[in-house]
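Peer 1: The lines below spell out each chain.
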Amino acid sequence: MHAFQPRNFFKTSVAALAVAVAVPVFAQTTITNVSYDPTREFYREYNAAFDAHWQATKGERVNVRQSHGGSGSQARAVIDGLDADVVTLALAYDVSALHDRADLIPADWQARLPSNSSPYTSTIVLLVRAGNPKNIKDWNDLARDDVEVITPNPKTSGGARWNYLAAWGYGLKKYGSEEAAYEFTKKIYANVPVLDPAARGATNTFVQRRIGDAFIAWENEAFLAVEQLGRGEYEIVVPSVSILAEPPVTIVDRNVDRKGTREVAQAYLEFLYTDEAQRLAGKHFYRPSNPAIGAEFADRFPDVNFFTIDEVFGGWKVAQETHFNDGGVFDRILREINQ
Amino acid sequence: MTTLNPALGSSSPAQTRPSAHAWHRATEEPAWLRRTLIGIALTFLTIFLVLPLTVVLYSAFEQGLRVWYEAIVEPDAAAAIRLTLLVVLVVVPVNLVFGVVAAWAIAKFEFRGKSLLITLIDLPFAISPVVVGLIFVILLGSQGWLGPWLASNEMRIIFAVPGIMLVIAFGTLPFVARELIPLMQQQGKEEEESSLTLGANGWQTFWRVTLPNIKWGLIYGVILCNARAMGEFGAVAVVSGRIRGETNTMPLHIEVLYNEYMFTAAFAVSSLLAALALVTIAVKSFVEWREERARTAQQN
Amino acid sequence: MAIALRQPSVIPGFGITLGFTIFYLGLLIVIPIAGLLLYTLQMSWDDFWRAVSDRQVVASYKLSFGASLIAALINLVFGAIVAWVLVRYRFTGKRIVDALVDLPFAMPTAVAGIALVTLYASTGWVGQYLNVYGIRIAYTQIGVIVALTYIGLPFVVRTVQPVLEDLDKEAEEASAIMGANRFTTIRRVILPALLPALLTGFALAFARALGEYGSVIFISGNLPFRTEITPLLIVAKAEQFDYAGAAAIAAFLLLLLINGLQWWASRRYR
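Protein chains in written order, with the numbering used here: chain A, 1381 to 1719; chain B, -2 to 297; chain C, 25 to 294.
Calculated directly from the structure, the hints in this document are not laboratory data.
Incorrect hints may have been included.
Derived pair list, reagent style SDA-like, types lysine to any residue, alpha-carbon separation capped at 20 Å [as the list claims (entries may be wrong)]:
| no. | chain 1 | residue 1 | chain 2 | residue 2 |
| --- | --- | --- | --- | --- |
| 1 | A | Lys1517 | A | Lys1639 |
| 2 | C | Lys193 | B | Glu25 |
| 3 | B | Lys111 | C | Phe72 |
| 4 | A | Lys1566 | A | Gly1707 |
| 5 | C | Lys118 | B | Glu151 |
| 6 | C | Lys118 | B | Leu39 |
| 7 | A | Lys1663 | A | Gln1646 |
| 8 | A | Lys1566 | C | Phe249 |
| 9 | A | Lys1438 | A | Lys1663 |
| 10 | B | Lys186 | C | Gly37 |
| 11 | B | Lys111 | C | Lys193 |
| 12 | A | Lys1639 | B | Ala148 |
| 13 | C | Lys193 | B | Thr24 |
| 14 | A | Lys1639 | B | Arg153 |
| 15 | C | Lys118 | B | Arg153 |
| 16 | A | Lys1566 | A | Tyr1555 |
| 17 | A | Lys1566 | C | Met202 |
| 18 | B | Lys281 | C | Glu189 |
| 19 | A | Lys1639 | B | Glu151 |
| 20 | C | Lys118 | B | Ala148 |
| 21 | C | Lys118 | B | Pro159 |
| 22 | A | Lys1567 | C | Glu189 |
| 23 | B | Lys281 | C | Pro186 |
| 24 | B | Lys111 | C | Val54 |
| 25 | A | Lys1514 | A | Gly1439 |
| 26 | B | Lys212 | B | Gln201 |
| 27 | C | Lys86 | C | Ser68 |
| 28 | B | Lys212 | C | Arg112 |
| 29 | A | Lys1663 | A | Ala1678 |
| 30 | A | Lys1639 | B | Met152 |
| 31 | A | Lys1697 | A | Gly1707 |
| 32 | C | Lys118 | B | Gln201 |
| 33 | C | Lys193 | C | Ala204 |
| 34 | B | Lys281 | C | Ala123 |
| 35 | A | Lys1517 | A | Arg1481 |
For reference, chain A alone in the conformation it holds in the complex (with noise of 0.2 Å):
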């Protein structure tokens, strides 16, 4: 081992600042993708898929810069001034909310997209310990007092909120009256021992620290949690009927408009619906949008008796403002169960 010289280390050090200054040899433009939370997985893999495509069309090297939180906070940041070119958030009332709040985007924002803007749908399933000790098959047995159900705060997580309705209209459909459902949902989260702020959280909650029989979860989240977090120590059990859930995603009209993106930007939502990426979101456990490609992964997604937000509850503004506001139905719930 030679003695250390410090000419030597100078002459090495110019060299590679040399090497450092001269390899951006593609332009690079930067966009910011704001997201929700369990969407961290897909979005990695792809934005390098992106940069890839759009450097071999455009010749350009696209750095996506992610930011992921709870649907509803991220929403917040964007409508107080976080730089986003596109949100790809959990739920559209979220997205709304930049129109509404801000007006960062037009109020047709979810016509300019195919599928609702949703490039990918989800959906509500219960995720349980292996064997299914408790014996879980459907909703109705998460209203059973011996069952300790795990669900984050609808309040805050948009997945939550996806979970709530699926509950409700579940309710609804089974015992027929609003009255009914109430009382079904009730029921449920008073067997609710920890909630969480966002959707990750309560995945934690239940995979890492083994709280609670079962777990509202997305789909995607479930299958995460079977295949990577603990194989062969969770099952999911897919309920009789769920809801549809469709995360849109939309570019923000005033930032790209501002900084100069809007062409990058609108690609790399576009570039969503190519048959690559909807492959990579069927890898990553979302529903395609394409139904095509949707069938290459026909026995991974089991037949789901689906209905939407639309049909059960008129959208999200009146499912947000009936349920999710304060003093609304979940709120009235809450003290209920606390009286």
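Guided by the hints, dock chains B and C onto chain A, whose structure is given.
Peer 2: Relative to the frame of chain A, chains B and C by itself:
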């Protein structure tokens, strides 16, 4: 620790033994009680301090040094470490200067409204970090009062590095000042006054008289300020925007990793902060020890 | 103006130091906080009152104040014992133990939260043994108290320690000479001398606990009415675009604390 009173020791041996015994009983606790107290203290500290620290370090190195190292040099982690260091390099010196200046004004002069000023300095300490974040979003967010003006001048504060610095500066403002104010009040101003009377100017007096006197409190204040600045979570979470590789500080990055089920990596980055905490503590103990030795040397 | 305000002194720098202090405090502290208070003034009194007195919000005050109080009391008792042991007794490893007390100051709260939940969850290192006896710590109110005890731990120790070191042994000896037994000496001589420091440490630990967020959210169940602390509720309100509600609760807490703080400051720097 308790020294026997020499007056008692010099009396006749027949009387000494019982009275010394009684004396011990009256100025010291019996051995069983001492042992119990030490036991209670150590158990309490083990449960609340040693165990959490052990968890962090054990989980960080559970899968070996290489996994730990890879977690640290991973680009997003490295960016978070750089950002945290940058923030600390700006915030700590600013609050250090503020602390010294404020302590000088408050300790060396009498003026009206002093207690109000002290209350204001203590205030950040009593405000929940999340409220600090909320305040700055309300003021500077694009829906806030100054937001539109900032946007039209292309100034980004919230969801960018300046916003993170701002909330951390807010939260760590009291640390240096709070250490120095009582210390300087207690030391009074006679030494400075005599130095000035002997012809030194204000700067010289500060450097040669005041600074050596407050050195230890100053270092302690800076250490606390630095630790808090690195670890601030609640306030930063509200104003950061969580852009990976850009506005995620180390504590936020730890949360991100935790939420990506990368527990070992989360604990690896945590172990850096824990190590920093230990270094902080070591420096502090060293300073104290030097101080103590200097004092005893002086006394002898 | 400065001259009219203060008593004459030979020490220079009054104008510039006070000026800078006021400027910096004004920019960083006073204006933002005034902003928050002004923001809540936009609400009508009824809206404000409804926001701060909602049942769920009141339940969170109860938990936040109650858990902070219990945690500060635990720290008062054990902190006093730790300070006593560190100052008065000799044992191996004392210096390390002494240094470790600062750990909660230096360790980031989020790290502490993750570490504590790893320990005390029913699958955790400690939690699994407690779970056998049906004791649950994580995700209960006890978990909140554990986290708040952790973050408040150094305050009592560090305020009591210096006072105990400076405490005149002569008073204890005098008390002993006059025939008091050790217990009486502690109760009548030592405790009164330590009382202001104990109270200060207690108040600091309490105030810090009240606002704590990072460590608690990991270990508390975050259930409204049961394990939801006030800072979390403020965040939840803000996330739902209810800035007015969030600001109202924040301002309400702030006004309570400023009053408490002023009371404390007036005692501390008389």
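Peer 1: Confirm or reject each hint.
Peer 2: Now the hints, each set against the structure:
1. Lys1517(A) - Lys1639(A): violated, 51 Å
2. Lys193(C) - Glu25(B): Measuring from Cα to Cα gives roughly 11 Å; hence the hint holds.
3. Lys111(B) - Phe72(C): violated, 32 Å
4. Lys1566(A) - Gly1707(A): Holds. Lys1566(A) to Gly1707(A) sits at ~15 Å (cutoff 20 Å).
5. Lys118(C) - Glu151(B): Violated, at about 56 Å.
6. Lys118(C) - Leu39(B): This hinted pair holds, its Cα atoms lying about 10 Å apart.
7. Lys1663(A) - Gln1646(A): violated, 23 Å
8. Lys1566(A) - Phe249(C): holds, 15 Å
9. Lys1438(A) - Lys1663(A): violated, 27 Å
10. Lys186(B) - Gly37(C): Holds - the C-alpha atoms of Gly37(C) and Lys186(B) are around 13 Å apart, at most 20 Å.
11. Lys111(B) - Lys193(C): violated, 35 Å
12. Lys1639(A) - Ala148(B): With Cα atoms ~12 Å apart, Lys1639(A) and Ala148(B) stay inside 20 Å; holds.
13. Lys193(C) - Thr24(B): holds, 9 Å
14. Lys1639(A) - Arg153(B): holds, 13 Å
15. Lys118(C) - Arg153(B): violated, 49 Å
16. Lys1566(A) - Tyr1555(A): Between Lys1566(A) and Tyr1555(A) the Cα gap is close to 14 Å, so the pair holds against 20 Å.
17. Lys1566(A) - Met202(C): violated, 70 Å
18. Lys281(B) - Glu189(C): holds, 18 Å
19. Lys1639(A) - Glu151(B): This hinted pair holds, its Cα atoms lying about 11 Å apart.
20. Lys118(C) - Ala148(B): Answer violated: Lys118(C) to Ala148(B) is near 56 Å, above 20 Å.
21. Lys118(C) - Pro159(B): violated, 42 Å
22. Lys1567(A) - Glu189(C): violated, 59 Å
23. Lys281(B) - Pro186(C): This hinted pair holds, its Cα atoms lying about 15 Å apart.
24. Lys111(B) - Val54(C): Holds - the C-alpha atoms of Val54(C) and Lys111(B) are around 15 Å apart, at most 20 Å.
25. Lys1514(A) - Gly1439(A): violated, 56 Å
26. Lys212(B) - Gln201(B): holds, 15 Å
27. Lys86(C) - Ser68(C): With a Cα-Cα distance of about 25 Å, the restraint between Lys86(C) and Ser68(C) is violated, given a limit of 20 Å.
28. Lys212(B) - Arg112(C): Violated, at roughly 26 Å.
29. Lys1663(A) - Ala1678(A): holds, 12 Å
30. Lys1639(A) - Met152(B): Roughly 14 Å between the alpha carbons, so the hint for Lys1639(A) and Met152(B) holds.
31. Lys1697(A) - Gly1707(A): holds, 15 Å
32. Lys118(C) - Gln201(B): Not satisfied, since the Cα-Cα distance of roughly 40 Å exceeds 20 Å.
33. Lys193(C) - Ala204(C): holds, 14 Å
34. Lys281(B) - Ala123(C): Distance ~8 Å between Lys281(B) and Ala123(C) Cα, so the pair holds.
35. Lys1517(A) - Arg1481(A): Violated: Lys1517(A) and Arg1481(A) sit about 41 Å apart, past 20 Å.
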